[in-house]
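Trainee: Chains as they are written, first to last, in our numbering: chain G, 1 to 571; chain D, 1001 to 1256.
Keep in mind the hints are simulated off the structure, nothing from the lab.
It cannot be assumed that every hint is accurate.
Listed next, the in silico BS3-like pairs over lysine-lysine satisfying Cα-Cα at most 30 angstroms (straight line) [claimed, not checked]:
1) K546/G / K121/G
2) K1166/D / K1242/D
3) K1093/D / K1166/D
4) K563/G / K1093/D
5) K1069/D / K305/G
6) K1069/D / K1093/D
7) K1064/D / K445/G
8) K563/G / K305/G
9) K305/G / K197/G
10) K445/G / K517/G
11) K445/G / K546/G
12) K563/G / K1064/D
13) K563/G / K197/G
14) K1064/D / K305/G
15) K1053/D / K1064/D
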Amino acid sequence: MSEDHGEHLGFLRRTVFSVDHKVIGLQYGLTGLVFLFFGFCLMMLMRWQLAYPGEPLPWIGGLFSETTMPGGMMLPEFYNSLGAMHGTIMVFLGVVPLAVGGFGNYLVPLQIGAPDMAFPKLNAASYWCYFVGGVVMLTSFFVPGGAANSGWTSYPPLSDIATTGQTVWLFGMVALITSSLLGSVNFIVTIVQLRAKGLTFFRLPFFVWAQFVTSFLLLLAFPPLEAAGVLQLMDRLAGTSFFLPSGLVVSGMPLPVSGGGNPILWQHLFWFLAHPEVYVLILPAMGIVTEIIVTNTRKPLYGYKTIVGASLFLGFMSFLVWAHHMFMTGMGTAISNFFQVTTMIISIPSVIILTVLVLTLWGGSIRYTVPMHFALAFLPMFAIGGLTGLPLGLAASDIHLHDTYYVIGHFHYVVAPGTLLALFAGVYHWYPKVTGRFMNETLGKIHFWGSFLCLNGVFFPMFIQGIAGASRRLHTPTMYAHAQGLQGTNVFMSYSAWILGLVQLLFVINFFWSLKKGRQAPENPWQATTLEWATPTPPPHGNFLKEPEVNRGPYEYSVPGEKEDFIPQNV
Amino acid sequence: METTGYGWGFPPSLSTQSPAIDQLINVVHWFAAVLFVGWGLFLLYSLIRFRAKPGQRASYESAKSRLPKYLEIGVVLFEIFLLIGLSFPIWSKYKSEFPREQDSLVIRVVAQQFAWNIHYPGRDGVFGGTDPRFISDADPIGLNPDDPAGKDDIVSVGWLHFPVHKPVIAHITSKDVIHSFSIPVLRVKQDAVPGMVVPIWWEATQTGQYEIMCAQLCGVGHTLMRGFVSIDTPEEYEVWMKEQESYLETQPGGQL
Ligand code: HEM
Ligand SMILES: [Cu+2]
Ligand SMILES: [Cu+2]
């Protein structure tokens, strides 16, 4: 099934147009990191505007064109573009490609003892689709009118009547969605078909389970959005009006469309994707954190079946909660009660997963490595993100909190201090396997504490702002009386964000410096049990020297009577 | 415009429904805080107590305690209470249990980029018909000039006046894109969706002048889409109505 991976392939075939899952995984990972950094830079510009509205951006303000920042002052349309593109880039070009494309591609075949993905060429196609979609997204900054500026949610009619950038955004999205679809099919088939001998489903490392559930979410949630994207393209280009009701009057002029559409339809289709998408961001992160916590606690995972069950249930429920994003669209009581109930139900598996992970620590022998720092920090951050979801899931409290900074705080706690810390944990943890060298510990710890503190400095004040009623997506928040007393928090958050940016440079330095100068790593540097550590370092084409055979569950640590405190799965 | 009473914590709470909403938000946060602190202390304790020490191995057995199970059951029960005890009643009061129209002030809110048009039915209590065809600079909501019911209608742009202690029923809609009609001090929020008319209601408990915000991104001027509410005493409200009516008389179409 797998491709010929012979070393006779030329340089380009080995590094750029490779079909080896590890090379594709690294391509996804590195591209994702670059996009993440770019999305972060957009956000740093927004944070300048929020801290000092009405003041020109010093130094770099002059680098921008007169149509976006005349005299270094940010125009509202540019602010809106930054917001929409930051959101889109972070979600669709940064975190998902890193978590699924990067970690999933690299690790899943290794952890299940397979030589490659089931369809290596499809895998490459999925990466290139993503790459093209990403490049299309970025070029949109240069089209007349600038990049998309209707929010990452692109609600029509605003998005239907927006500038050309929106069309480019839609083309980009269609490419990205296609890429995810191709990828998810590949993951599902690989996990079902290519597991090593003896590797039953209940011997899979939890990370593989997490990727498995994630793939189903991608497979089932993306088609509706892909369809919706195409419909919106037709509204914009072909004069249809799927999302436009009759009788619209824009800037005093009747809009020349046939009408008869409904803007709420878009929201249903969008959130039907975008809620499961949250779990696409979070599940792989949970998978990474679980592997790292178990390895560094030196004891089996508390309640393996419980956590697997909880994540399956989480995946299933994630399709039944989408309309809790739409309480303010005019929903009646019966249907809103339904979505409030499902939303409360979905909080339960999250509570269970967190409980399982802390209980795993009990009775352990915890090693505080750098990846363990990041993985442990994920737990309280995700807890805050999850708990602040409760008042948003109750329609009555959502009346006050909807569309305020509280929402921004809530989901960033899940995706930034939560998921991003988990992804960093994963990079530090598997770096020795991929490169044969460790990353520097001291730099890693400074990176950790700097990130941890600054992330909280950026996001915690958002809850305070939200309770005070401060609306999100405002170019000049100080216009509003009730936001003026809170302007100090905006300044504080912006400094936290910029320092956070500086701290990330330590990571970049560490990443490249360690490639050449890092301490050499053996095959199984953390004394872990799962199959990826049973390969040579770095793993060669085809992964395993001889086909592995699995004899036990994934986390046999500290088994009584054994000399070593771990027994690899293939022993 | 009042600028006092704002700052950290909730904005002033000026409607009959806002105490319940604030209370719900407070209860959820106390619940979250207790859970988080308890869980966090357990986490910290485990991290310190079970750090690796030379010569000591982890135990293969997992922790045995029924506590997590009780905790999870506790969370479930409390969430049921949040739903049935607090959220459902507040929401259905806001969404379904409308006051009688005779006892209320009934208005229409027509959002547009980037302004709030408030349509009052006037003395006859009947809204004049509207149609997008009639929209012009002079008439932002498109009142039908041939409809007698519309002759005494008042359209106020950016200012929403209403009397204190009297329910207000507002029918929210939009001419162009989706906006969101939000008055933080009243704990009122409703998306203004073109093609849809959604009624909401509130009753203010104090007079004063406050902001209306647009809570949904609606384009370049989104930040500027600020309006004002003036919660008047009945006398002040009457004075304001009179002013509007005398203004109408100077207009060609309007007559009383
Ligand atoms: C790590 C540092 C990050 C910071 C400091 C940050 C900051 C911000 C800020 C200031 C906004 C604008 C809110 C507004 O317009 O009022 C925002 C919006 C947003 N962010 Fe982030 N963000 C970060 C990471 C992320 C990540 C990792 C994701 C997703 C995986 C993400 C997804 C979003 C989305 C979807 C929006 C909404 C955009 C919209 O309104 O259309 N952000 N963020
Ligand atoms: Cu608006
Ligand atoms: Cu707006």
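Trainee: Compare the structure with each hint and give your call.
Mentor: Status of the hints after comparison with the structure:
no., hint, result
1, K546/G / K121/G, "23 angstroms, holds"
2, K1166/D / K1242/D, "19 angstroms, holds"
3, K1093/D / K1166/D, "16 angstroms, holds"
4, K563/G / K1093/D, "67 angstroms, violated"
5, K1069/D / K305/G, "15 angstroms, holds"
6, K1069/D / K1093/D, "35 angstroms, violated"
7, K1064/D / K445/G, "33 angstroms, violated"
8, K563/G / K305/G, "27 angstroms, holds"
9, K305/G / K197/G, "21 angstroms, holds"
10, K445/G / K517/G, "18 angstroms, holds"
11, K445/G / K546/G, "37 angstroms, violated"
12, K563/G / K1064/D, "25 angstroms, holds"
13, K563/G / K197/G, "26 angstroms, holds"
14, K1064/D / K305/G, "16 angstroms, holds"
15, K1053/D / K1064/D, "23 angstroms, holds"
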